[in-house]
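K.L.:
Got two chains here, each in a separate frame; can you build the complex from them with the hints?
Line by line, the protein sequences are chains A and B.
Counted the way the working numbering counts, the first sequence spans residues 1 to 529.
Counted the way the working numbering counts, the second sequence spans residues 1001 to 1307.
Hints listed in this document are in silico derivations from the structure and should not be mistaken for laboratory results.
These numbers were taken from a predicted model, which means no experiment stands behind them.
Beta carbons: idealized from backbone N, C-alpha and C, even for Gly.
Hints may be right or wrong, so weigh each one.
[Said to hold, decoys possible] Using C-beta positions, here's what the derived DEER-type ranges look like:
1. A/Ala154 / B/Lys1133: 54 to 60 Å
2. A/Leu17 / B/Asp1067: 38 to 44 Å
3. A/Gly255 / B/Gly1015: 44 to 50 Å
4. A/Leu17 / B/Leu1289: 38 to 44 Å
5. B/Lys1133 / A/Ala237: 33 to 39 Å
6. A/Gly255 / B/Gln1074: 38 to 44 Å
Read off the chains here:
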Amino acid sequence: MNSLTGTRALARLALRLDRVRLTVWVLGLAVMPMGTAANYFKLYPSEDDLRAVSGVLSNPSLVALSGPLFDLSIGGLTVWKIGMTEFILVALMSLLTVVRHTRTEEETGRLELLGATVIGRRAPLTAALLVTALANLAIAVLATLGLLATGLPAAGSVAFGLATGLVGMLFAVVAAVAAQLTQGARAATGIASAVLGGSYLLRAVGDTGPTWLSWLSPIGWASHLRPYGGERWWVAALFVVLTAVFGTAGYGLAGRRDVGAGLLPERPGPVVAAPGLRSPLALAWRLHRGLLLGWTVALALTGAVMGGAAAGIGDLKSPNQQLSDILSRMGGPNGFTDAFLGAIFGLTGMVAAAYTVQATLRLRQEESSGRVEALLATRVGRLRWAASHLSFALLGTALLLAVSGVAGGLAYGAQVHDVGAQVGRILGAALVQLPATWVLAGLGMALIGLAPRLSSLAWAALILSVLLVELGALFGLSQWILDITPFAHVPKLPGSAFSVTPVLWLTAIAVALGAAGLAGLRRRDMPVA
Amino acid sequence: MTEAIQVDALVKTFGRTRALDGLDLAVRTGEVHGFLGPNGAGKSTTIRILLGLLHADSGTARLLGGDPWRDAAQLHRRLAYVPGDVTLWPNLSGGEVIDLLGRLRGGLDTRRRAELLERFDLDPSKKGRTYSKGNRQKVALVAALASDVDLLLLDEPTSGLDPLMEEVFRQVIREEQQRDGRTVLLSSHILAEVEALCDRVTIIRDGRAVETGTLAGMRHLTRTSIQVDLAGPATGLDTLPGVHDLRTHNGTVRFDVDNAALDAVLRQLTTVGIRSLTSQPPTLEELFLRHYDRAPANGKQQAEVAR
Chain A
1 MNSLTGTRAL ARLALRLDRV RLTVWVLGLA VMPMGTAANY FKLYPSEDDL
51 RAVSGVLSNP SLVALSGPLF DLSIGGLTVW KIGMTEFILV ALMSLLTVVR
101 HTRTEEETGR LELLGATVIG RRAPLTAALL VTALANLAIA VLATLGLLAT
151 GLPAAGSVAF GLATGLVGML FAVVAAVAAQ LTQGARAATG IASAVLGGSY
201 LLRAVGDTGP TWLSWLSPIG WASHLRPYGG ERWWVAALFV VLTAVFGTAG
251 YGLAGRRDVG AGLLPERPGP VVAAPGLRSP LALAWRLHRG LLLGWTVALA
301 LTGAVMGGAA AGIGDLKSPN QQLSDILSRM GGPNGFTDAF LGAIFGLTGM
351 VAAAYTVQAT LRLRQEESSG RVEALLATRV GRLRWAASHL SFALLGTALL
401 LAVSGVAGGL AYGAQVHDVG AQVGRILGAA LVQLPATWVL AGLGMALIGL
451 APRLSSLAWA ALILSVLLVE LGALFGLSQW ILDITPFAHV PKLPGSAFSV
501 TPVLWLTAIA VALGAAGLAG LRRRDMPVA
Chain B
1001 MTEAIQVDAL VKTFGRTRAL DGLDLAVRTG EVHGFLGPNG AGKSTTIRIL
1051 LGLLHADSGT ARLLGGDPWR DAAQLHRRLA YVPGDVTLWP NLSGGEVIDL
1101 LGRLRGGLDT RRRAELLERF DLDPSKKGRT YSKGNRQKVA LVAALASDVD
1151 LLLLDEPTSG LDPLMEEVFR QVIREEQQRD GRTVLLSSHI LAEVEALCDR
1201 VTIIRDGRAV ETGTLAGMRH LTRTSIQVDL AGPATGLDTL PGVHDLRTHN
1251 GTVRFDVDNA ALDAVLRQLT TVGIRSLTSQ PPTLEELFLR HYDRAPANGK
1301 QQAEVAR
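In isolation and in its complexed conformation, chain B is listed as follows (with noise of 0.2 Å):
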């Protein structure tokens, strides 16, 4: 499969603020790729260096099999991009908005234009001052995704969207997934939305990808909640490896466990009789705690990125 992007060991620095600290990246073709991170870890930075708006100091960023930077009008064809905060001209209604940045990208398919207006439910009559942060965020949604383009760079797309208007997004999403080679990079600090479109995941830390891979993947690194009404006493469970949390009340267990230690426990555990028994995959809530709960690496603070 070929790369739709491609970074390697990418630093960017702002004054004393390093926002990029040897990034590494890769999105195939086709993928929707989740891009995750706290709020300053150096997501929009990545973005806007794949933009050709912002210059890197040393490591090499592709994209679409051109150059970032030098290639900017060729590749910019083949793109389209939603910032993470969406600021439109006061006087010019959301429509024309939609269809001047549609036009200077290079067209715009009309009918999927009205499709998505209808869809996200979205009034394009109004001026731009007048729009909320999540209306405001929607005109660049519609704009993006009623172009025909290979690669998607979604920044943050749903910080401002409701919870009726993120289900919309994610359907649109999904659909983009089924047409063929079109590509999606999507930054997010949501995680559930992360875990509910994307095929790959990049977490990205201090300006640094801390893991990266599907999510089924990164499973393996967590663990499993496990919460079990046994027939008798939980014995013997403190003892086995890979068994942590250990908690018990009013004759409910409760406890993680490795996932790699999960077939010994249960074994263990029907040893003693199970009543019944809830198991919660790990979310990556938990993935992301795991990640950015330790202290900050090399002690040093944590970024503070400019957007």
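If we strip away everything but chain A, and leave its shape as in the complex, we get (with noise of 0.2 Å):
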């Protein structure tokens, strides 16, 4: 038996487990660029529509946000429009499916379960790993053919789809290190995670600033091999040579440790807790923490490059009239950035809603691992135990927000001489987001109380309101659809004027979703597997 016995079991046991997962994942990935392409191909027909918006589009605020534009054709505007959103999401498909398939079933321990059986110390990783090269082999071609099928050039579909695969086998094997040092998969989960937040950051600084900082990020290595703008195949090397370290490593040090350890030790813990470990509240705090403290930097980081960037907008010189009619339009001279920073707090929003399910989902975790039997065998009731983890949802997330908005708007606001005002103005831009994450968080608790067993659901609703704001309009959806979701809803500040009704109703809406969830967690069986 040598260090790889029993991959092919393992692989396909894998296969099994996630075969409608992967399936959604290479599917959505494979036919967003598509989809891209073939709506701009209706929304400009000829050369002059292309043009018309050449000027908007490089500017250094959505330069920072998507990357440069290489070329002004539609290959060249559909990379810059689904890039980014297309490298992210395979970065992420490739990270979880590895920690998935190594770190949990470690930590769970399923694996000793498997270990037991003829199984090489190097399978789980190599599985896991297959699989997900497997899955990124199909994205990466399928997403090719999409374009082809678009009647885009060859060279840039290839490339693209190659840019697609590279930063997914990449972010794979930075997951298969992550897995080795961390005990426990979340925490493994973070790292990855955080591996890829800091590649877009530095792209996006970089692709404004001095660029070569976006030489430094793998993320900025997709971009500039710039599928449709005269590709430059060479940056694929790139790709191939820091996976082929991180993958040393990780197989270097899976082949060290002992199954179950961490290479980054486990620190005793106290022997008597502190006195303020006495409630519910108190260890959601420490379930909480981590996490919340993780984002808060996250967000921060974000909220203070993008309000840098803002900044630049202000020196945007329209090409053409049309333009600068489109501009007053929007508000007079202030309008541009203002309308920038409105779309950058959307997205904010969304994103800090990735926290505000994560946390919400808390409950449902705590249920399924059977934790929250001990605790509801004491004084505790069900209530009091959802309201700490809501809590850490609802106010964690204004708590995300605010920071972003700060620092966006000291960020802003130094860059233009007027930290008072614009602080205050952004904030606002941040925190009137505020109402729609709720509503995420309200479905999130009508689904842990009336239909646990589907409470992942939460995120399926936090993925669609992403594709319908980043895409609904450019697919030509009909406005109805558009505003299922909550984050349609919310006033575009700064710029437009602040309406109250639509921040009351998207709070109603998200108490009424929470009081049915918590009326129906009261009334059901506990815990539901």
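P.N.:
Now the structure itself:
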């Protein structure tokens, strides 16, 4: 028996376990670029139509968000519009898949069950990477074929598919290393996600300022491969080298450590609990604080980068009369900056909602892991228990949005020499997103209370929201479909007038959903496996 | 004597599975009551109903004079629970979990906590994710036993403990027995444990109580195993009523006898002449086998019950 014995069986098992999940990921990531390109062909049938939008796209704020536009063509525009989303999602898919089939299996003890059978030391990691590679290959090939089918040039289509697959594989091996470092799967996912977030930020800063920074970021490499913009194939070698480095490291570590152990040492905890650890809320703080801290840092950084980038928009020279008209209709000379900031904080709202959903579903995690039983056998009632976690979902999100707003306001204010006024304005733009995130918390609670087995649908609702807001208009969906997502109803601040009615409505819907969920939770059996 | 737990005709279904099928259970205040049954018999379901975690479909359950569903929060001040499958928060130390659960229950005796940690040989500084199954169970046991409560609900509390720790557990429970008014409901499929600890036993199968009473009372239901060396041939034994499975090997005679027929059988043996005799009282094992070896009641398959 060598260290790879049993890889094939494990890979088969992983494919079986993930057959729905991976199929959805692969199809989604394969169809998205094709759909975008197809819609651009409809939207901009001629060269002139394309030229009309080019000025808008080269301004620094949008460059920070989506990267530079390398070629003014349908292909260039498609990559610019969908590229970052595609790269981030494929990286997430890869790192989640690898952690799920390595560290999660190990933490739950299921791997031990398998490890006792004929399975080599490195087989689980190999199987996880194989399955992830298979998914990435499928995405790369299908995305390329899809783009070709819309009539885009072959070289660019291949380059985009290649970039997508390479980003995916790089983050798969990043996760492979992270999974060897920690004992907990959540911590491993956290480390790999932090690398991804850092890469994106480096690229955002690099693309607007010192270009060399974006060459430090794998996400930056993906756009430097320049699909449809004079492909630079040699960039692919950077991916191959770094993937090989991380892959070797992951394999080396995997062969050296004990099953169940991490390389970062587990420190002993306190023998006696701190005096404050005496309520469900105090317990919830212990369970949420790491996550909340990570998110706070990430959103503060993003807010500052985006706020700084927004300041550059004032310098924008309108390339033509038509665009100036659009800008003035958007609200005067500041209109474009405000519209950009509005778009940025609309996006921040949806990003923060990922924390909201994560924190809300923690309730369900506590239940299905069985930990809730011991807790509910004490004086703690169900509502008090639910309230302890919900307060992190609701108020934690408020904290995140406030931090990103203040950071954005400070960065933007410092550039336009008006910190006092800008912090307030931009804080408002961030906080106005809060009721929409609460609707997702309410939905999560309703699912937990009334249909606990379906509670992960709260994630589906968030992903649907992002797709509707980002791509709905491009795909020409009718207004009532776009209106499904709570984020469609958030007042566009700063810039347009604040209207209190949608904010009240969203809050009311969140409260109603939450109340229904809590009522269900009080009445139903616990725990539901 | 008052009843700490009184359950009548309890029914609980999960989908098409009937986990409890008219269960009766009475636990007297101050006794250690064994709740015995194979996996999936409905023990955990019953305990969860008593904790107000599950809602019974029909039947009544009373716990310490209250309704377990309606009065859950008040009742939980007076009881401690050890789940059958203990899971801990991965990033909390064992000591923290013990203190947290104790405080949420309404306080815990720190001297007793220290003593129990010592006796169970548990390191409270390790993080939840690093404990083995047995050590997780010890964490829950220390948390429960260090609280001053009227009722202990223990769901297969020793299933992960080694024999040494099992013995510690038995000692601790025996000490609890001495204390006035503390009631223990001990669910188990380990017969020796129930035999060693319990005043009374309820045997449950397919969601129904099939037998309840003291162990002494139940032994009347079964047979004593006899092994005897006789001076002469074992004549007349096989015709006596109440003798079963008679075997002779190298002059040693073995058989089982109904306790009611013991008197007549011994008289017959002495007439032949006894050289040596060993008799074994029926173990709970045999009681158990008698109840569970039979074909399932009503031709129904053994209930697969969500734990």
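K.L.:
Where does the structure disagree with the numbered hints, that is, which hint numbers, in rising order?
P.N.:
5, 6
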